[in-house]
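Asker: Input sequences plus hints: build the corresponding full structure.
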Amino acid sequence: MNVEGLDISILAPAFAAGVIVLITHIPLGYEVLRRGIIFIDIAVAQIAGLGVIIAYTLGWDEHGIEAQIAAVISALTGAWVLSWLEKRYGAHQEALIGTSFILAATGGILLLANNPHGGDHLKELLVGQILWVEWGQLLHAAVISILVLTVWLNFRDRIGGAGFYTLFAIAITVSVQLVGVYLVFASLIIPALATIGCSNRSGLGMSVIIGASGYAAGLILSALLDLPSGAVIVWMIAISALVMHLSGACKALVNSRTKTD
Amino acid sequence: MIYTVVLLTGLMPAAVQAAVNVFACEPEWAALASELGGDRLEIYTATTVRQDPHHIQARPSLIARARKADLLVCTGAELESGWLPQLLRKAGNARIQPGQPGHFLAAEHLDLLEIPEKLDRSLGDIHASGNPHVHTDPRNILQVADPLHRRLTELDPEHADIYRQRFDAFTEAWQGAIDRWTQQLAPVKGVAVVVHHNYWSYLVDWTGLDKIATLEPLPGVSPSSGHLARIKQLLKQQQAVMIIDTGYMNDRPAKWLSDQAGIPLVTLPATADFQNNESLYQWFDTLADLILEPVR
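Chains A and B supply the protein sequences, listed in that same order.
Just so we're aligned: the first sequence equals residues 6 to 266 in this note's numbering.
Just so we're aligned: the second sequence equals residues 1371 to 1666 in this note's numbering.
Honestly, the hints are just simulated from the structure, not real lab data.
Careful: at least some of the hints might be erroneous.
Claimed, not checked - Which residues of chain B face chain A? A partial, calculated answer using Cβ under 8 Å:
1) 1427
2) 1429
3) 1430
4) 1434
What the hints assert, rightly or not - Away from chain A, derived, C-beta distances all over 12 Å, residues of chain B:
5) 1420
6) 1469
7) 1532
8) 1542
9) 1549
10) 1574
11) 1581
12) 1603
13) 1622
14) 1629
15) 1630
16) 1638
17) 1646
18) 1652
What the hints assert, rightly or not - To give an idea of the interface, some chain A residues facing chain B are shown, with a C-beta separation under 7 Å as derived from the structure:
19) 7
20) 9
21) 10
22) 12
23) 15
24) 134
25) 136
26) 137
27) 228
28) 231
29) 233
These numbers come from a predicted model, not from an experiment.
Where is the CB? At the ideal position from N, CA and C, for every residue including glycine.
Answerer: Now the structure itself:
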């Protein structure tokens, strides 16, 4: 046991980052499951990374706003191509997503074949670690996430597939830099998966509980056990999802609601 | 209960004397600091012997320790550039920020090898300051010990005598050890080796090993088939005695070549295992034994 890491000023920004990621990822996660495109987040993150690598090889500055622009532009381009592919070859969408993931990943390797350390560096720029987040960074992410959420909740029926892919690309580009690919995947897929049989509203509530308790428990445990935070949080989200699912909490919620109605 | 009492009394003297908190990025600097400061120092090491110091997974304790540190001892030369800047920002500890007495980089006190002649992005700009794996030459350890003991004195002037005495004792003992190792390793001078990558450049430089090829010339990038073919061809003309590999790295390329060319593979531990109380002396003894094995 190790209590020195149990410092609220270390853990609080990380928890806030988790909550910001959950804001967009829980609702988008249901849509990802509905469309059956589980690995899209990893593909989009990889494409955003490829964008930064291309910008870097063209001589752009890899820090600051230029890299962000390159990441968002390539994520959006990737998302639109995927959305077009879905329209055309819908039945094979998951295979196409997987293929675009490996093309983006290996494309990056080829572009950086002569510059391995540059590659490491870029990976670190793009794949954040949750403990490194700072309040200033969180503010931008929070504003963008709330905008994405607002558009999604109010206009999802009107914006269609292309609109979904656009919002998704923005949300992923922001969140991957905050918390890394593993936590993005976990936040997106696990709560939605655990609450799949629930009604919309109780499912959403349960997802928030699963996500938030997963982040909180994961951060505390990683401090106590002195283990890497991101990985512990992934496991705690999965465990809290399993506990919630097995406890049948959502059915109980549904029942109590129908009774009181 | 008894244990608690023992534990508390054990901790008391340190607490009363307010030890200097040292945050070492790599075990070798923790081990060196421990030689120079002994009980005066409370040392934390961010990475272990089995870990690549280029990369690190953030843990809460890492930030907590950086917050309370009085002295940060790292390699520098951009070895930790993937995580140290973030850590320093998160820690917000003014004592250990760059430019402060509490910020000590070993590479700043050494002449580095392999400094690129031209700074070209295509060559990888990250190690523009040269090869950072300086601790694999024991003479470098000695050269860092001097400024490090002076830094400890500056931060904790009340105990200047302790640092002075320990530095003098270390200098004498370490110089003796260097002479012993140099003599011991005399037979490896000019012996042809293939290295996995440039981790051991300083050791090669010190011992006079003859590096005829580097398996992975660009660290982190698997060698191309053309490069492997060239090395195999070279080994047909010039027999190497061993392939040198680093403990924490993926040993598959080195194993492959070892099988293909029938040359023994020697895996050297990357640094002293400070967390398990291995000293720098013991580590260099191990290195010397391992390198001598195929030569005997």
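Asker: So, for every hint listed, does it hold in this structure?
Answerer: Evaluation of the provided hints:
1. Because the beta carbon of residue 1427/B sits about 3 Å from the nearest beta carbon in chain A, less than 8 Å, this interface hint is met.
2. Taking 8 Å as the C-beta cut-off, the interface hint given for residue 1429/B holds, the closest approach to chain A being about 6 Å.
3. For residue 1430/B, the interface hint holds, since its Cβ comes within 8 Å of a Cβ in chain A; the closest pair sits about 3 Å apart.
4. Checking residue 1434/B against chain A: minimum C-beta separation of about 5 Å stays under 8 Å; hint holds.
5. With a closest Cβ-Cβ approach of about 15 Å to chain A, residue 1420/B is found to remain outside the 12 Å limit, as its non-interface label requires.
6. Listed as outside the interface, residue 1469/B is consistent with that label: its C-beta sits roughly 21 Å from the nearest C-beta of chain A, beyond the 12 Å cut-off.
7. Annotated as non-interface, residue 1532/B keeps its C-beta farther than 12 Å from every C-beta of chain A; the closest such distance is 26 Å.
8. No Cβ of chain A comes within 12 Å of the Cβ of residue 1542/B; the nearest lies about 37 Å off, and the non-interface call holds.
9. Against chain A, the non-interface label of residue 1549/B holds: every CB pair exceeds 12 Å, the least being about 36 Å.
10. No beta-carbon of chain A is positioned within 12 Å of the beta-carbon of residue 1574/B; the least distance is around 21 Å.
11. Distance to chain A confirms residue 1581/B as a non-interface residue, since its nearest Cβ pair spans about 19 Å, more than 12 Å.
12. Residue 1603/B, annotated as away from the interface, keeps every beta carbon of chain A farther than 12 Å; the closest lies near 22 Å.
13. With a closest Cβ-Cβ approach of about 17 Å to chain A, residue 1622/B is found to remain outside the 12 Å limit, as its non-interface label requires.
14. With a cut of 12 Å on Cβ distances, residue 1629/B stays outside the contact zone with chain A, its closest approach being about 25 Å.
15. Remark: the non-interface label on residue 1630/B is consistent with the geometry, its nearest Cβ contact in chain A lying 23 Å away (cut-off 12 Å).
16. Under the 12 Å C-beta cut-off, the non-interface status given to residue 1638/B relative to chain A holds; the minimum distance is some 21 Å.
17. Residue 1646/B, annotated as away from the interface, keeps every beta carbon of chain A farther than 12 Å; the closest lies near 16 Å.
18. Look at residue 1652/B: its CB is around 25 Å from the nearest CB on chain A, clear of 12 Å, so calling it non-interface holds up.
19. With 7 Å as the threshold, the beta carbon of residue 7/A comes within range of chain B, its nearest partner Cβ sitting at about 6 Å, so the hint holds.
20. Against a cut-off of 7 Å between C-beta atoms, the interface hint on residue 9/A holds, since the closest Cβ of chain B lies about 5 Å away.
21. Checking residue 10/A against chain B by beta carbon gives a least distance of about 3 Å; that is within 7 Å, so the hint holds.
22. Taking 7 Å as the C-beta cut-off, the interface hint given for residue 12/A holds, the closest approach to chain B being about 6 Å.
23. For the restraint placing residue 15/A at the interface with chain B, the shortest Cβ-Cβ distance is roughly 5 Å, inside the 7 Å limit, so the hint holds.
24. Contact between residue 134/A and chain B, as hinted, is supported at the beta carbon level, the nearest pair being about 4 Å apart and thus within 7 Å.
25. Taken as an interface hint, residue 136/A checks out: its beta carbon lies about 4 Å from the nearest beta carbon of chain B, inside 7 Å.
26. Given the 7 Å rule on beta carbons, the hint for residue 137/A holds: about 4 Å separates it from the nearest Cβ of chain B.
27. With 7 Å as the threshold, the beta carbon of residue 228/A comes within range of chain B, its nearest partner Cβ sitting at about 4 Å, so the hint holds.
28. With a least beta-carbon distance of about 5 Å to chain B, the hint placing residue 231/A at the interface is held under the 7 Å criterion.
29. Residue-level restraint check for residue 233/A holds (minimum Cβ-Cβ distance to chain B is 3 Å; threshold 7 Å).
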